[in-house]
Amino acid sequence: MKVTVDGTEIDLPAGTSAIDAVFSAGGDVPYFCAHKYLSPVGACRMCLVESGSPRRNPDGSFVMEGEGDAATPKVFWFPKPMASCTMQATEGMHIRSAKTSQVVAKAQAGMMEFTLLNHPLDCPTCDKGGACELQDRAFEYGYGASRFGFDRRHADKHYPLSDFVILDQERCIHCKRCVRYFEEVPGQEVLDFIERGGHTFIDTQEGGLPTGFSGNITDICPVGALLDNVARFRGRNWEYDHTPTTCTLCPVGCSITVDARNGRLERIVARENRDVNEAWICDAGRFGHVFASEERLTTPLIRDEDGQLVAATWDAAIDAMKRGFSGMRTADVALYLGADSTLEEGAALEALAAATGTRSVDHAPRYEVSVTAPQATLTDVATADAIVVIGADLGEEAPVLELRILEALRGGLIPPEFAHGTAIADLRLVERPARRPERLAVIGRESRLWAHAGHRVSADSQGALARLTHPDTDELRAVVALLDGAERPVIILGADVLSGAGGSFSANLTDLASRTGARVIAIPAAANSRGLAALNLVPRAGGLPVWRAQEAPAAFISRLDPGVRAAGFTVVHDTHLTATARLADVVLPAVTNYEKRGTVQNLEGRLLPLHPAAIQSGESADLIRTLSALAEALGVKAPARGLRGAQALLADHLGLDLSDLPARGALHTFRRTFAGPAAPHTPTLWTERMHARPLSWVDRIEELVHSDWQLPGAPAAPPARAGGSD
Amino acid sequence: MTYFETKQPLVADIFSRYPDSPQGRRSALMPLLREVQDAEGFVSESRMAEIAALCGTTATEVRSVMSFYSTYHTLPTGKYHLQVCSTLMCALAGADELWDHLVESLDVQPGEVSPDGRFSVQKVECLGSCGTAPVMQIGDDGYYENVGPGKCAQILESLRNDLQPLPDNPVPVTVGDDGRQVLATGQAVGSSVTGLHRLPGHAGGDA
Ligand code: SF4
Ligand code: SF4
Ligand code: FES
Ligand code: FES
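From first to last, the protein sequence lines are chains B and U.
Quick note on the numbering used here: the first sequence kicks off at 1418 and runs consecutively.
Quick note on the numbering used here: the second sequence kicks off at 15 and runs consecutively.
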């Protein structure tokens, strides 16, 4: 399809919207209401362009202009500028943006003036300032002055829609993005316009927003009307250090941007990743970050003469470990790590275990079973025509997976990608999309997903897989029929099936998958359980798993809180003084996953990169460095010198090249996985430390002072760090 | 108790007017709102939730639709809901004075109901009867035209005795074949109009 934009002819796929045509031609159109993953509705009228098309005579030939050979098809221009987000570009169409059309430039400036009539223009106190679409577009396309000499609308400026989201009704420009988001994405009609005309405001009648995915509206609001209440007033956009990284609170692995200011993690926003989370993240991933900057361990702790844990240097901690381990065989020290540790950290621990010869190695949480059925990707889920979810509470296990399922139910229309990114207006997306609940079956305990499912089977999840092989009820027969009749079926397995799954599980699953042609997602127990399974991080014959740590003669426990200590000398490596850390002989401060460089593998097998945000955490160290210190104390060779050393280990053992992973991640299947008996596991998304405490400003500042917080910049003395460097 | 619990035939009748689909059910929103407001004078939050459940939508959406129309009320109204036109023609003809007089003599502000439960007041935009300004509408019943001080006093007096005078004009306003507004008596309204011409296709000379 040939379209001429500002005089340049370009070739575009059919169905492209006029706004994407202009962007494809390298041009620009200001817009507020269009959003990549929402239906275009033409609410803000900012995206005006002039457009015209050739017309055909009744005989099919073009109406021509000019004489003889110089004749060209005559372009019939629309008499008025048109909204480009709701207009489809068609063969031969001509489009003029503000770049070449005075009419468009004037219309847009006029629209801008109109939009700003009732806008409070309190940019100096607005959290959106500096990253505000309205501010940017007013600067680029506005008159720069207002002729409106009257009082502006006044409304509630601090209206809490929920504990997490606060609305400034004066700032709303009525783009309807937030309303459409709730209707179209999580399928909850909880926000809407109230009143009409200049009085219109956004409100809910449901007594608050449902938690789960409510925070996304704070990202997509083009102005500062909807704000993240956890991050409100914590910094201006230009003061934050923005770090693109991956959320590791669950195995989805959403792309996020971590915003830190003065060494504190203040805000997390979603980052687009078409393959994983599109533009959305869950409320836990967005608001549950307070633990990263509160009550952190910043120095090693060792026991003093009175047996109290006291702050110490890394050197003192290494000495204490040397004393504690003296007389012990290195193989007596059990090595345990949390399953959200990176692949690099896992490789370092695997190497140390080989060096010490310990049989007690484990990571947790994990499941005993490994799934060999064909893997479904998240895009497979979103484009599936039948989805069966067995024994999963997605709200606790993998929230954004739920959004991808709902995407499949509304047709699985994934906006196309252009050179300028995801289509700004995909005209196939419509308001109030028709949903196909009959394509979703959920089996197991009741969960949030039930409301959207056409087939609900309340059953014991573990038995369900076997029963699907020989369906014994009409309900189960309907589920099998759904899978059989589908072309792209997907089966999703959650904790209720995977935790403690019995011997016939794998056979049943393989059988079901091959019979129905279904692809499978088995939701891993933790953010990187799937990746760590590729490393030998399970107890060797005779070794002790984590849940028997108290029987070990000595143990090193990294970022796990089993609540027990080993029989003998115990070293705990953690970010906070957990119950287990309180029992330890030496506590080593750990960095959170927000401060790490490394790689994790998500539930679809995608390797995703972690990047360190600028968070102050004293002398905390990641597991690789900490293991170097441990190796020193044990008198063995350090397993890996820093991140690169660990990546070299992965390259050697697994043939994995992590040196330049694309930002979107890359799918990878490990040929071999290690499994072994595992403790029962019930996933919970929110932990206590993730909740923000309601503190007044006075209390908050007092607390900062008490916890010796200071402006980062020039530290008094360079912190003594243990081990190698990366 | 819910409002529609005992009115199943009515509910069934309303739903029968629309397609039997999720979208069709939502269409019943307006008549259900009307029903409640006619019966109770306003639509309370619990009624919004009830209607939402009937239509298969959320109370938020019911409130959104409802609040679009100034003729639905979220607060209780009196037995006689007096709506005073406050747009230009009526304003020129004394609507402000009429309003002040009503508010003062009835001792009621918008959103309130007079202590005896009889009166509530609302300023409305042009009622489309500018030729008979100032205009007042009572409930849904009809227009009271040319409401000057005397007429106002008369009307209020009768209302206090629960003897509502017949409206001068039922809604909607009567417009003659020739496109001109006429009084209930058939007399053309407007006194100082010059230069009006009959619409083409109508017999007769200039008005
Ligand atoms: S609150 Fe924000 S997203 Fe919602 S309509 Fe207003 S400007 Fe748009
Ligand atoms: S769905 Fe999982 S990975 Fe995504 S933001 Fe939520 S917790 Fe993080
Ligand atoms: S009208 Fe809002 S972006 Fe087109
Ligand atoms: S101005 Fe009052 S009826 Fe038109």
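These are calculated hints, taken from the structure and not from any lab test.
Glycine included, every Cβ here is placed at the ideal spot set by N, Cα and C.
Incorrect hints may have been included.
[Claimed, not checked] Residues from chain B that keep clear of chain U, each with C-beta distances beyond 12 Å, as calculated: (1) Val1596; (2) Phe1599; (3) Glu1600; (4) Gln1605; (5) Glu1606; (6) Asp1609; (7) Leu1844; (8) Arg1894; (9) Asp2116; (10) Asp2125.
[What the hints assert, rightly or not] On the chain U side, residues computed to face chain B include the following (Cβ under 8 Å): (11) Tyr86; (12) His87; (13) Gln136; (14) Glu139.
Report task. Enumerate the violated hints, using their earlier numbering and listing them in ascending order. Result -> 1, 2, 3, 4, 5, 6, 11, 12, 13 and 14
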